[in-house]
Structures are given as C-alpha cells and as structure tokens.
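Colleague: Here is what each chain is made of, one letter per residue.
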Amino acid sequence: MSEQALYNLEKLYALSDGNSEFVTHMVNMFVKMVPEFQERISASYSGGDLKDVGDAAHKIKPSLDMMGIDSLYQPIRDLEKEGRSGEDAEKVKEIMSEVSSTLDRVCEQLKRD
Amino acid sequence: MSQPAKESFKIFIVEDDQWYGEVIEYHLSLNPDLSIKRFDNGEDFLKALDEQPDLVTLDYTLPDISGEDVLKRVKEFDPELPVVIISGQNDIATAIKLLKEGAYDYITKDDETKDRIWNIIRNIREKQDLKAEISQLKSQIRQKYDFTKSIIGNSPSMKRVFNLIQKSLNSNITVSITGETGTGKEVVAKSIHYNSKRKNKPFIAVNISAIPSELIESELFGHEKGSFTGAHSRRIGRFEEAEGGTIFLDEIGEMDVNMQSKLLRVLQEKELTRVGGNTVVKLKSRVLVATHRDLADEVRKGNFREDLYYRLLGLPIQLPPLRERGNDIILLAKHFIAEYCAENEVEKINLSPKAQSRLLKYPWPGNIRELKAVIELACVMTDNNVIEEDHITFNSTGSIDTLLQAEMTLREYTNRIVKFYLDKYDNDVVTVSQKLDIGKSTIYRMLQQHVI
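Going down the list, the sequences are from chains A and B.
This note's numbering numbers the first residue of the first sequence as 1206 and each following residue consecutively.
This note's numbering numbers the first residue of the second sequence as 134 and each following residue consecutively.
Extracted from the complex, chain A is given alone in its bound form (with noise of 0.2 Å):
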C-alpha cells in the first residue's frame, strides 16, 4: 500500500461482530454514498443555501465517525458549524473542497482494497 489508509474498519467490525460480508456491503453503500452527498452539498452551495450544506455535513457525520476517517472527524465538523451558520461562504467553500477531496482518495482506496 503506497499511501496511508484514510479510512478504519475496526468500528464497523466490532458492530457486526467480525462478519465481513455486512462489512463490505455496508462499504459499498459507503461508496455509493459519498458521490451523493458531494453532489447535495455542490448544488446547495451553488444555489446559496449554506444551511443545507450544513444540514448535509451533520447527516453524514456519524457514518464517517464510524467508517474511522480520522482526518475528516474535525472538518465535517467545522463544515457543519459554518455551514449553518452562513456567514463565511468562503470559508465553507474551502473546508468543502477539502472534505470532498478526501472522500474522493477514501473511495478510491475502499474501491481498491
């Protein structure tokens, strides 16, 4: 493995004690998930609705807590605080690029391993 992985199973594991088909299913849905949610936040900062991308952060934080992203645990929830509270688009903007940029080496890695 080349570079680190961003992501850890251990939760996810412990949950479903140790079964690796609910695993990999759930990772799956992970996988289809995330283009989703990039999508909503996209179009909702585009449209002016930094509620939404709020809204969307706080949706999806618990599923990142526990597929283990560590490096994403404080910018989705700096880009829930910000986001509902609408008064630094630019600053949303550049936490988003971000979350969505790691999500985006997160899936490649899943869709790898």
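All the given hints hold, so there is nothing to weed out.
Straight line, CA to CA, 30 Å or less: simulated DSS-like cross-link-like pairs of lysine-lysine: (1) K1286(A) to K230(B); (2) K170(B) to K1237(A); (3) K1216(A) to K143(B); (4) K282(B) to K334(B).
Hints in this document: simulated from the structure, not taken from any laboratory.
Take the given structure of chain A and dock chain B to it, following the hints.
Modeller: Then chain B, alone, in the frame of chain A:
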C-alpha cells in the same frame, strides 16, 4: 416468581440516514430476542405505531417532520412508550427540552451509542418485567381479598356485616371494626381496602398495642433526624406511607390518652407534622380502626376521649363472636380443611357428623383464629381422611401436660407462654402483661430479642 418473557422485544429505528440506520439495525439484530423495524421518515413510522413497539429510537432531524413533533405525536398515542432521541450532536438545551417533553433518553451518535442503546434496552425490559409482575401480584391480592370469597358465613349477623362492607366501599368514611379477638377484624379491613377505589395504593396496618407508647407518635407521624435520642435519621411515618391508600389502626383502644389527643388533632386538621419537624404534610389516607374493647364503655370509664371516639366511630361494623354464628362454624371448618388440603397437597378430608357437633358445642373464646388452629391440628391427626370427634382437641384446656412433656428449659417455657398469650390477644402487650402479671418491658425486650 418469574414472568414469562415476551416473545420478542420490538424496536423501531427511525433514521433517515440509510447507512447509519442499517449499521445500527444490523448491530441490534445480533441479539435474536429483538425484532427490529427501520423507518426513514416520520410519517411511515407514525402510521406503524399500532404495531406497538417496545422502544423507539428517533433521529432528531428527519426530512418530513421535526423530531419534536414526532415525539409529541408518539406521546399522544401512548404516553408510556419509551422514545430515545438519537442526535448527531450533543446539544444540552435541546436534550433537556425533549426530556421534559417525555423522551426516555437523549443520546448522541458516537462510539458509545451502541452501549447506551443496549443499556436502555436492558433497563426497559427489566422495568416491563417488574410491571408485569406487580400487576399480576396486585390481581392476586385483589382475588384474595374479594370479600365475597375471603369472608365466609351465611348467618344473619354476617349478612349484616357484608352489607356494611359493601356500603363502605364507595365512600371514604372511617370504619370502626369491633369484635372479640380472632373474629377477623384485619380481614375485614383488608377487604374494604382491596375492594375500594384505593386498592392500588398502600394498605398499612399498625397494631397500636404492639408499639411502646413513647414510640408511637414517631411510628405514626414520622420524625426528623435528631428530634430525640436515637432518632439517627429521618423517618417517614405510617400515615405518610399510606399516602392515598388506607391506614388500619388495630387495637386503637390501647392508645394512651396523650397520644389520643394528638391523633384527634391530626384527623381534624387533616394534616400532620413529623416529630421535631415543621413541614406540614397533608393527610390523604383513609382511616380504618379496630378494637376488641367496647369503646363506648372505655369512654364512660374515662380511658378513651369522647371527641376522638365520635371522630373514629364513622361506620361501625360489629363482628359477631364465632359461638353466635351457628352453622358458620361448619362452613369455616370446611373452608380451613380445604385450605389445608390445598396447601399440603393431600386428598380431600371430610368432617364426621359427630366431629361437627363437637365443634358446634364449643364456645370458641379465640374465635376464627382458634378454629383454624383446631382444624389444622385435626387434619394432621386424621388417618383415614375423615376428621372424627376425637381428632378435635381444644388448645385452651387439657394440653398443659403435653406441653410439660416437651422438657424445655424454664426460659423456653416462658417464651412459649408469652407467645401464646400474644397470639391470643392480638399482640396486645398491655393485656398480656396484666394477664401474666409481668412487666410490659419484659415483653418488649423479648420481642426485641426475637425470642418470641
């Protein structure tokens, strides 16, 4: 007694995040006792409430209805249904608000979520089992004190008693029950309580004669910490324990005059203060009293306050002595035989005509309590499932020789004798101390040391 567990514990997960919902659903489904259903919106979930889940986990942010509204509608449907709010963030103000509105708990989505859900499930199941057990026990008690079954008798005097009990049920009137020892005063008191509207509240019985007079006030009304030597902690009195239920003051005739005036004041004001305290506690319990004495006569003799007498008289129920109840003796004897057979799992025992006539001739100074003891002994003595005349022995005479054969120490004999008299006189320490010509304190000491 263990309660048959429900076949499965039904959990509804209301979660619009499919991914997260599926993980939680799978995780909980690892326990085969749980049956789980998942909803991704509020409306579908509310429509399914008729399926009667045992627990609902509710995501606070749903696409169609706010978590708060969903909670409100669940509570309208069934205020008892536990709803656990699961939220993406820890927002204390929202948590407090939702808990006030009836949420069972508020937890956040983090690494501890699953453990907290398991704890909640365990607590709710324990509570459900306890509730089921309590309601089962309550219905057993109600059956036991269904007075048409628990009080036995066809004699005209008993029919009058039944009539009076019936009349007492729909009112809160004080009932004063009089009758010789062993006539069933406490049974009548319990029957009144367990057939009245107060049946789901406590029934508290206090035998006035069994409590030393200096302790009776704190026993009845409670005390605050440090109000007298030995008052190490605050104690709730029997009147407060009976909150909303019934307090039964047995042997009220034995209450000393000083205490009588305190009781009168409490009954008049309908409120009490604990010994050494200032807080006023409202009196909401119904009062039933009983005595084997003729209270009117005690009033004439100056032993009982006239004003308290009238306050307590209420609806008087006079229980007839057994010797005046004619054929009821046989009915009761047969009832006790049946009870003995059921408890000891033995075949039906019959009562011979000669034995019946022996029972009818005896004066029964100990009334029904004595009859029960005589019948139980007779059931033991019988050898062909028929109680004959000579199986019946009356304990009040003739058994002293048998007792002497037992070769006990003098102290053991003393204990036996005191215990016999206490049983005979409803634990009336004053009467027993007079009968045996010993000090009351001697009896209290024996009671304290549990030698009797």
